[in-house]
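In case it helps, the UniProt record's numbering puts the sequence shown at residues 1 to 662.
Listed next, with one range per pair, are the computed distances between beta-carbon atoms:
| hint | residue 1 | residue 2 | range |
| --- | --- | --- | --- |
| 1 | S267 | D404 | 40 to 46 Å |
| 2 | G319 | E376 | 37 to 43 Å |
| 3 | S220 | D404 | 38 to 44 Å |
| 4 | D454 | S604 | 35 to 41 Å |
| 5 | R118 | P362 | 40 to 46 Å |
| 6 | G536 | R261 | 54 to 60 Å |
| 7 | E176 | A431 | 32 to 38 Å |
| 8 | R261 | R360 | 42 to 48 Å |
| 9 | D125 | D178 | 30 to 36 Å |
| 10 | A431 | V143 | 43 to 49 Å |
| 11 | A431 | R366 | 17 to 23 Å |
| 12 | T576 | E176 | 51 to 57 Å |
| 13 | P362 | S220 | 35 to 41 Å |
No lab work stands behind these hints, which were simulated from the structure alone.
Glycine included, every Cβ here is placed at the ideal spot set by N, Cα and C.
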Amino acid sequence: MFDTILIANRGEIACRIIKTCRQMGIRTIAVHSQADREALHVRLADDAVDIGPAPARESYLRADKIIAAALATGAQAIHPGYGFLSERLDLIAACEANGIVFIGPSSAAIDAMGDKIRSKQIARDAGVPGVPGYDGADQSPEVLRREALRIGLPVMVKASAGGGGKGIRKVEHEDELDGAIVAAAREAQAAFGDGRLLIEKFVTRPRHVEVQVAGDRHGSIVHLFERDCSVQRANQKLLEEAPAPNLRPQTRATLHEHALRLARAISYDNLGTVEFLVDAQTQAVFFLEMNTRLQVEHPVTEAITGLDLVEWQIRIAAGETLPLAQADITCTGHAIEARLTAERADEGFRPDTGRIQLWREPAGLRIDSGVTAGSEVSSHYDSLLAKLIAHAPGRPAAIRRLADGLDRLSVLGPGTIRPFLADALRQPAFAMGEATTLFIAETWPGGWTPRPVDAAKRNAVAAAIWLTANRPTQGSAPWNALAGFRLLAPAGRPATAHLSVQLGRQATQLAVETQDGFLRVAGPGSVHDVTVSKAGPDRWSVTIDGVNTAVDAACDAEGVFLRYGDFEGRVGIALTVIAAAAERGASGETGDTLRASMPGTVVSLHVAEGDSVEAGQIVAVLESMKLFMELKSPASGTVRRLGTRAGATVAAGDMLIAIESA
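Take the sequences, apply the hints, and build the full model.
Laid out in structure tokens, this is it:
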């Protein structure tokens with residue numbers, strides 16, 4: 001067995017591999033780009049090597065840098081995870097040349113399945129039927145067009161060397177065909193350096209079902225049941241489950257047999273996945289492709305079998321036989337996985353970036369995560385942050401458990417698809433096991449949108465939390481003496497903060513008045529009474545108009561990252577002015593003396609000794625924690641003495657101006 005493994009990947013899959021290696025007593029080496037130097041997988045590994053700049057083509061896709069890191073750290077094997085170099089023959093060749101074990105199948109197996117055209121030919125020869133189509137050598141646009149019309153529209157135009165949803169076009173009308181062929185070929189050439197295409201008949205109501213297989217280097221091959229991955233957007237999976245629901249026994253048996261037949265045909269010798277389309281109406285089975293690596297969705301198979309597939313990969317690569325025979329592999333219960341990505345589902349799944357301000361995982365689920373609070377989500381890499389996996393005795397219980405876990409998950413910073421995933425799980429089509437790859441388009445034909453939130457209440461809550469979080473805590477009085485939140489005044493005497501609340505391009509002006517133990521937030525056409533108190537790190541207890549709720553929020557000087565009801569996002573907040581009440585005593589003064597109500601800096605003095613003043617006249621401006629307060633004279637009279645000067649720093653309670661009352 002290996003004593004050191006280098007992980008040629010990042011994010012959640014690198015963290016996942018590290019956990020298994022640690023359980024096996026194997027030392028781990030992480031690699032990272034300069035953008036990932038503080039990433040979670042770097043912190044979890046025993047050692048880490050910088051392999052270059054942020055762009056993947058200059059770091060994670062450089063086989064030479066991966067090999068150099070392995071040689072420098074004494075790694076005996078390299079685990080590629082998925083994506084990046086996991087199915088690249090140049091990394092395998094470099095491993096062989098340097099005496100390093102590649103934790104994956106043989107180069108012959110990867111080569112056989114890496115080309116979609118060749119893989120379909122191998123599958124046909126093995127008796128595994130594919131979707132009717134064209135995968136010939138003649139790639140002229142004229143021939144591709146003719147074959148598409150012969151097969152009959154609608155068809156899928158697909159890149160032969162493709163993956164990850166690139167180089168794929170669905171064509172329903174003849175006038176779209178020429179453009180789709182040109183666009184798919186161009187995209188395939190740019191993404192894979194190979195512009196060859198194949199044409200497939202489009203199955204009207206397809207399900208995406210795949211079979212997990214495993215083989216060793218001694219000729220044994222088994223399957224570990226199937227997974228349904230039909231809920232997708234842009235050909236990328238979002239929800240995966242095992243076993244697949246609503247399959248006839250014969251269909252399930254056919255899937256397993258076809259997967260084993262193909263794996264045997266290429267002498268497969270590690271973990272891999274054979275993917276199929278299943279016609280939802282007829283349950284006819286068609287071979288799609290084989291992924292010669294670990295899949296993102298492997299945890300649901302682990303949940304129903306009780307096996308560690310990463311451990312299987314490592315043991316097979318070390319030359320061991322399969323741990324179990326086919327008869328010893330059992331399926332228990334039902335498991336569902338949700339992929340949490342940094343995307344805005346309400347904006348067509350637009351990727352989002354930025355620093356994660358709050359990360360709180362729910363108990364009761366398996367969570368494979370590559371981030372935590374403080375992690376930076378970069379535009380350089382895939383948007384996947386974590387996977388949440390629920391396992392239960394039956395499918396309905398697994399759905400409930402996962403939906404509940406998504407409700408309790410808190411992520412603030414970049415937008416995520418958390419609310420979309422929870423909504424999708426509760427849709428009737430998914431609950432009944434009837435989802436096809438058309439699920440999202442059919443369920444939300446106009447695009448998914450979150451449930452509406454009362455904007456006035458959201459703004460009131462954001463303002464109250466922000467003001468409370470940013471109030472000064474230095475000094476002894478009057479802050480520490482007040483039972484409730486006060487901006488300037490002793491109990492019962494209000495002060496008003498004027499705020500500008502920004503959400504996107506829309507700004508709303510609020511006036512927040514301190515009352516006895518609560519804040520009264522007035523906006524356009526609304527008034528709400530709010531009390532807030534800390535209930536834990538980034539957790540607040542909020543009562544608005546008498547109704548209490550728990551709210552997640554992470555504040556900074558320019559606003560608050562907030563989850564309130566179904567709202568998740570950033571609310572920008574800026575103070576415009578704080579005005580103290582003009583009545584006698586409203587500014588924290590004692591007698592006719594104006595005192596600083598909080599520690600801060602005297603921005604300006606508007607009077608001099610001997611000046612006459614009127615009650616309510618602005619006599620000074622104080623700045624504290626980026627709050628600017630106009631201080632007013634508590635009485636009409638004459639300025640007897642100045643206790644400070646412009647630019648001076650004062651403590652709470654310091655005398656600023658003494659006034660002789662008229």
